[in-house]
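Using the sequences and the accompanying hints, generate a full structural model.
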Amino acid sequence: MSFAEAPTSRNFKQNASAALRNETLQRAMGYLGFTQKRAEAVARLPEFEALRDQARDIKDHTLKHLDFYLEAYEAKVMESGGHMHWCRTPEEARRTILDLCRSVGARSVTRGKTMIGEEIALNPFLERNGIEPVETDLGEYIIQLRGEPPSHIIAPAIHVTKEQVADTFLEKHAAYGKTRLLTEPREMLEEARGILRGKFLKADAGITGANFLVAETGSSIIVTNEGNGDLTQLLPKMHIVLATPEKLVPTLEDASTILRLLARSATGQEFSVYTTVSTGPRRRADPDGPAQYHVVILDNGRISMLGTEFQDMLRCIRCSACLNHCPVYNAVGGHAYGWVYPGPMGSVLTPGLIGVDQAGALPNASTFCGKCESVCPMKIPLPKMMRHWREREYEAKLSPAIARWGLAAWAFAARRPRLYRALTRPAMAVLGRLGKRRGNFANLPLAGGWTEFRDMPAPEGKTFHQLWAERSR
Amino acid sequence: MNARDDMLAGIRKALGRDGSADAATRATLQARLKGHKQNLVPKRGRVQGREKIEAFVKMAEFSLATLARVRSAGDVPGAVADYLKSQNLPPKLRMAPDQKLDAYPWASKPLLQIARGKAEPEDEVGLTGAFAGIAETGTLMLLSGPASPSTLNFLPETHVVVVRAEEILGSYEDGWAKLRQIADKLPRTVNFITGPSRSGDIEQTLQLGAHGPRRLHIVLVDDGADAGTER
Numbered sequence: 001m002s003f004a005e006a007p008t009s010r011n012f013k014q015n016a017s018a019a020l021r022n023e024t025l026q027r028a029m030g031y032l033g034f035t036q037k038r039a040e041a042v043a044r045l046p047e048f049e050a051l052r053d054q055a056r057d058i059k060d061h062t063l064k065h066l067d068f069y070l071e072a073y074e075a076k077v078m079e080s081g082g083h084m085h086w087c088r089t090p091e092e093a094r095r096t097i098l099d100l101c102r103s104v105g106a107r108s109v110t111r112g113k114t115m116i117g118e119e120i121a122l123n124p125f126l127e128r129n130g131i132e133p134v135e136t137d138l139g140e141y142i143i144q145l146r147g148e149p150p151s152h153i154i155a156p157a158i159h160v161t162k163e164q165v166a167d168t169f170l171e172k173h174a175a176y177g178k179t180r181l182l183t184e185p186r187e188m189l190e191e192a193r194g195i196l197r198g199k200f201l202k203a204d205a206g207i208t209g210a211n212f213l214v215a216e217t218g219s220s221i222i223v224t225n226e227g228n229g230d231l232t233q234l235l236p237k238m239h240i241v242l243a244t245p246e247k248l249v250p251t252l253e254d255a256s257t258i259l260r261l262l263a264r265s266a267t268g269q270e271f272s273v274y275t276t277v278s279t280g281p282r283r284r285a286d287p288d289g290p291a292q293y294h295v296v297i298l299d300n301g302r303i304s305m306l307g308t309e310f311q312d313m314l315r316c317i318r319c320s321a322c323l324n325h326c327p328v329y330n331a332v333g334g335h336a337y338g339w340v341y342p343g344p345m346g347s348v349l350t351p352g353l354i355g356v357d358q359a360g361a362l363p364n365a366s367t368f369c370g371k372c373e374s375v376c377p378m379k380i381p382l383p384k385m386m387r388h389w390r391e392r393e394y395e396a397k398l399s400p401a402i403a404r405w406g407l408a409a410w411a412f413a414a415r416r417p418r419l420y421r422a423l424t425r426p427a428m429a430v431l432g433r434l435g436k437r438r439g440n441f442a443n444l445p446l447a448g449g450w451t452e453f454r455d456m457p458a459p460e461g462k463t464f465h466q467l468w469a470e471r472s473r
Numbered sequence: 474m475n476a477r478d479d480m481l482a483g484i485r486k487a488l489g490r491d492g493s494a495d496a497a498t499r500a501t502l503q504a505r506l507k508g509h510k511q512n513l514v515p516k517r518g519r520v521q522g523r524e525k526i527e528a529f530v531k532m533a534e535f536s537l538a539t540l541a542r543v544r545s546a547g548d549v550p551g552a553v554a555d556y557l558k559s560q561n562l563p564p565k566l567r568m569a570p571d572q573k574l575d576a577y578p579w580a581s582k583p584l585l586q587i588a589r590g591k592a593e594p595e596d597e598v599g600l601t602g603a604f605a606g607i608a609e610t611g612t613l614m615l616l617s618g619p620a621s622p623s624t625l626n627f628l629p630e631t632h633v634v635v636v637r638a639e640e641i642l643g644s645y646e647d648g649w650a651k652l653r654q655i656a657d658k659l660p661r662t663v664n665f666i667t668g669p670s671r672s673g674d675i676e677q678t679l680q681l682g683a684h685g686p687r688r689l690h691i692v693l694v695d696d697g698a699d700a701g702t703e704r
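Here the protein sequences come in this chain order: A and B. For the first sequence, the positions run 1 to 473 when the numbering used here is used. For the second sequence, the positions run 474 to 704 when the numbering used here is used.
No wet-lab data here; the hints were simulated from the structure. Worth double-checking, as some hints may not be accurate.
[Claimed, not checked] Quick partial rundown of chain A residues pointing at chain B, CB under 7 Å, derived from the structure:
(1) M29
(2) Y31
(3) G33
(4) Q36
(5) A50
(6) H65
(7) L201
(8) G227
(9) G268
(10) E270
(11) T276
(12) P287
(13) F310
[Said to hold, decoys possible] No more than 16 Å apart at the CA atoms, straight line, and that leaves these computed lysine to aspartate or glutamate pairs for EDC-like:
(14) B:K510 to A:D57
(15) B:K591 to A:D288
(16) A:K379 to A:E309
(17) B:K591 to A:E79
(18) B:K658 to A:D286
(19) B:K516 to A:E309
(20) A:K202 to B:E593
(21) A:K162 to B:E676
(22) A:K64 to B:D495
(23) B:K516 to A:D286
(24) B:K658 to A:E79
Glycine residues also receive a C-beta, built at the ideal position from the N, C-alpha and C atoms.
Dropping the structure here:
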C-alpha cells in the first residue's frame, strides 16, 4: 500500500480516533525512545546551539543560490563519470528509473531507505513493470512484507510489535524454508539478514536516496546504521541516487557541519555508523563498486515553495526530531497523517506537495506547544508555517463551516471592544460561579469535542480586561 | 521546455531573477566552493597530541567498536590472531591489497591464513587499514580504491582495522584537508565508519550486525610518543 497513490490525510480525524483506540499501536508507540537519547547527545556537545545557527545559514545560502549550486553539482557529477536526470514530476522520475533499470536488464533491485521513493510510489510501479524491488533497511523490509507504508521517517516500522514481526516472518519466510515462529528480535534480525544477503548479491541495480548532495564534488552522501545503503550501492552494476534539489550543500565542510547535527537530533548517536560519500561510478582500477552512477533529481513541488512563506521548510534534513517530540504524533502514530511524511514536518510539507485541499487537516493537528521548533536542528519555524497553512485553508474556504462561523462571530465581537466586554464579563462571571466548587468542568454546551477528553478549567470569574484595569489603577 | 531548463527557470523565477546570478555573484560563489572554508569545529575536534589519541580511543569504544593497542608494527599480527581467537573465529582473513599492511610481519603468525583482495560472500573476516581516524567521534575514514576494496568494510561479519597513531586526526574537516593533499578528486567512496552495524527497528531494541559487520575491531599501533602533533 502506498500513501502516494491513495492519500488519507483528509480523514485525519477519523484516522486519529481509530489510532487512539488501537491497543497494539499504542503499545508499539510506547517503544519510541529517541527523545532521551537526543537530550543526552546534545548535552555532550557544547557547540550544538552554535552549530544549529550555522547549519540554518548554510541551507539558507544554498537555497538563495539553488540554480547556481545545482548547475555546479551537475557539472561535477558528469566530470566524475556519473549521469544526472532532471525530473519535474513523480511520473518523470518513475519512468526515468524504470528505463535505467531496464537498460541493465534488471529483474531485481535493492532499495536503500528513501522517503522520496515513497513519495513517488516507486515500489508498486516497479512491481507492475516486472521488477522486484527489495527494501533492505530492516524496518522498511518488515513493512514491505506487511504491505504497509512507513509510519516514521527514520524508524518506519515503529508501529509494529515484535510479535507482529514474528507472525509476518513466519508467513513470508516460509518460501525460504524458514518455518519456526521466532520470539527474540535477535533471531528475527538474523533471519532477515540471511535472506536479504541473498537479495543483495543478486540485485542488478541499487537505488538509494541522499541525505546531502555536495556541489563542490558532485557527491551524494547517505547515512545508515545498518550498512544496507552501502551494500545496495556497492554490489550491483548500477547505483541510482534518488534525490531532491534542496539536499544540496556547497562543500564537504558544509555537509560536515550539518552531519554533526543529524545523528544527534535523530537517534541521539554521536555519528551514524556509516556516513558514505559517493562520487561517480567505480574507477578503472577499482576492484568493486557499481559500473554506473546515476542521479535522479526530482522537484515534485519543492521549487514552488521557494520564495514563499514555506521556503524555510526546504532546510529540513529529515532527522525526525520534530516527530519524536510531538505529543500529537506520539499519540496517534504516523499512519493517521495519511501521507508520506507524518508529524510536524509532514504537517507543513504535505500541504505544499499535495495541496492544502487534500492535507488541510494536518496543520490543524497541532497543540502549538512549540516543541518541534525548539528541537529542530535547522531551526525551522514549524508552528508558524502551520499557522500559514491554516490561513490559506481559511482563505480558500476549505475549513469546516462551523469553524468558519465560529471564527467569524468571534472576529465580529473582537473588533468591537464594548460588545466584546459586554459579552465576556457576564459569561466569565457565570462560569466562575458555576465552576467554583469543582475548579473545572467535565462538560460544557458547544464544547463537547473539547471536554470529551479533558476537563475545562473554570475561570476565576473575571476577564483579563477586568483584572488588567484593576491592577493598573 | 525540457525538465532541466524548466526546473532551473522555475527556481530563478521563484528567487526573483530572469537568468543566472550576475557575474560578480557567480565569482563569489565559485570562490566559496573552492575555498574549503571550515565552519565551527567543536573543541573536541581540535585537540592535539596524546589528548587526541585518547579521545579517539574513548569515542571509538563509545560507538561499541572494540580496540586493542599495540606498541609497534611487529605486534600487529599477534594482536589480530589473539582477537580472532578470543571471538572463537577461525584464523582466516581477507586482507586489503594495501601496501601499508605489508609493513606488519604476518609471517610471524604462520597459522593465520591470509588471502588478499576484495571481499567474497563467504569471507568471515575482513582486514583493512584506514586513511584516518577521527578523534571527535571515534570514526574511521576509509577510501575506496585498488588497495582498499569497499566490500571488505561491509560483507564480512567481522571487520578488523589497523590504524596508526599518526593517522588519527581531530575532525572530519582535518580528514578532508588531508585527502585534498593527496588527491585533487574524491575516490568513488569515502566511508566514515563509527562502530559496528546495528539496527533498532524491532521495538527499538539495539541489535548489532544488521547488514554490515557485527564486530568492528580496531588495532591501534601506538608507541606512546606524542604522535601527530603537527596536525
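> Given the proposed pairing of A:K162 with B:E676, does the C-alpha separation stay at or below 16 Å?
Replying inline: With Cα atoms ~6 Å apart, A:K162 and B:E676 stay inside 16 Å; holds.
> Given the hint that B:K516 pairs with A:D286, does the C-alpha gap stay at or below 16 Å?
Replying inline: violated (37 Å)
>> Need the status of pair A:K202, B:E593: alpha-carbon distance at most 16 Å?
In response: holds (13 Å)
> Is the shortest C-beta separation between A:P287 and chain B less than 7 Å?
Replying inline: holds (4 Å)
> Against chain B, with CB atoms and a cut of 7 Å, does the hint on A:E270 hold up?
Replying inline: Given a least distance of 4 Å, the restraint on A:E270 holds.
> Given the hinted pair B:K591 and A:D288, is their alpha-carbon gap at most 16 Å?
Replying inline: holds (7 Å)
>> With the threshold set at 16 Å, check whether the alpha-carbon distance from A:K379 to A:E309 stays at or below it.
In response: The given pair, whose Cα atoms are some 15 Å apart, holds under the 16 Å limit.
>> Hinted pair, alpha-carbon criterion (16 Å max): B:K510, A:D57. Please report holds or violated.
In response: holds (14 Å)
>> Hint validation: A:F310 versus chain B, beta carbon distance must be below 7 Å. Holds or violated?
In response: Nearest chain B Cβ about 11 Å off; hint violated.
> Given A:T276 as an interface hint, is the shortest Cβ-Cβ distance to chain B below 7 Å?
Replying inline: holds (6 Å)
> Quick one, is the A:H65 hint okay against chain B at 7 Å, beta carbons?
Replying inline: Hint on A:H65: holds, closest Cβ of chain B at ~6 Å, below 7 Å.
> If you take the shortest Cβ to Cβ gap from A:M29 to chain B, is it below 7 Å?
Replying inline: Violated - the Cβ of A:M29 stays beyond 7 Å from chain B, reaching only about 11 Å at its closest.
Going through the hint list in order, the structure does not satisfy hints 1, 4, 9, 13, 17, 19 and 23.
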